[in-house]
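K.L.:
Model the full assembly from the supplied sequences, consistent with the hints where possible.
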Amino acid sequence: MSQPGNAVTSSSKEKRTYRKGNPMSATERQLAAIARKRETHKELKVFVKNPLKDQVIAICEEEGLTQAQFIESLLERELAERGKLDVKTSHS
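1 is the number of the first residue of the sequence shown in the numbering used here; add one for each residue after it.
To be clear, the hints were calculated from the coordinates, so they are not data collected in a lab. Quick caveat: nothing in here was measured; it's all calculated off a predicted structure. Idealized CB from N, CA, C, for every residue including glycine. Among the hints, erroneous ones may be present.
[Said to hold, decoys possible] Here are the computed lysine-lysine pairs in the BS3-like style, where the Cα-Cα straight-line distance is at most 27 Å:
1) K53 - K42
2) K84 - K37
3) K20 - K37
4) K42 - K84
5) K37 - K15
6) K84 - K45
[To be verified] If you anchor each label on the Cβ, the simulated ranges turn out as follows:
7) R77 - K15: 48 to 54 Å
8) A35 - K15: 27 to 33 Å
9) D54 - K20: 40 to 46 Å
10) K49 - S25: 34 to 40 Å
11) L44 - S12: 22 to 28 Å
12) L85 - K49: 24 to 30 Å
13) C60 - I34: 17 to 23 Å
14) I34 - S73: 18 to 24 Å
P.N.:
Here you go:
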């Protein structure tokens with residue numbers, strides 16, 4: 001079956017314009033996400049021994065956690081044990 005000569009196919013239609021302005025690049029989206037996170041979080045940079053890092057990665061993969069979530073839970077557990085955990089900071 002052939003299509004009538006005046007039929008409009010999806011490929012010949014004019015594309016709908018993006019309504020919300022220019023889309024952000026991947027880099028811009030990443031920077032925006034980091035800026036939002038900085039409102040509620042502080043960055044912590046540490047160096048750990050390679051075997052410890054490897055074990056953390058393995059545990060995180062098994063548990064379905066990010067490394068940040070894993071480290072936060074360790075810190076919360078230790079602070080709670082010492083009686084220094086502020087209730088506002090605890091997620092559990």
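K.L.:
Compare the structure with each hint and give your call.
P.N.:
Quick rundown of the hints versus the structure:
no. : hint                  : result
1   : K53 - K42             : 21 Å, holds
2   : K84 - K37             : 24 Å, holds
3   : K20 - K37             : 23 Å, holds
4   : K42 - K84             : 18 Å, holds
5   : K37 - K15             : 35 Å, violated
6   : K84 - K45             : 22 Å, holds
7   : R77 - K15: 48 to 54 Å : 53 Å, holds
8   : A35 - K15: 27 to 33 Å : 31 Å, holds
9   : D54 - K20: 40 to 46 Å : 43 Å, holds
10  : K49 - S25: 34 to 40 Å : 37 Å, holds
11  : L44 - S12: 22 to 28 Å : 55 Å, violated
12  : L85 - K49: 24 to 30 Å : 26 Å, holds
13  : C60 - I34: 17 to 23 Å : 20 Å, holds
14  : I34 - S73: 18 to 24 Å : 22 Å, holds
In this structure, the hints that do not hold are numbers 5 and 11, in rising order.
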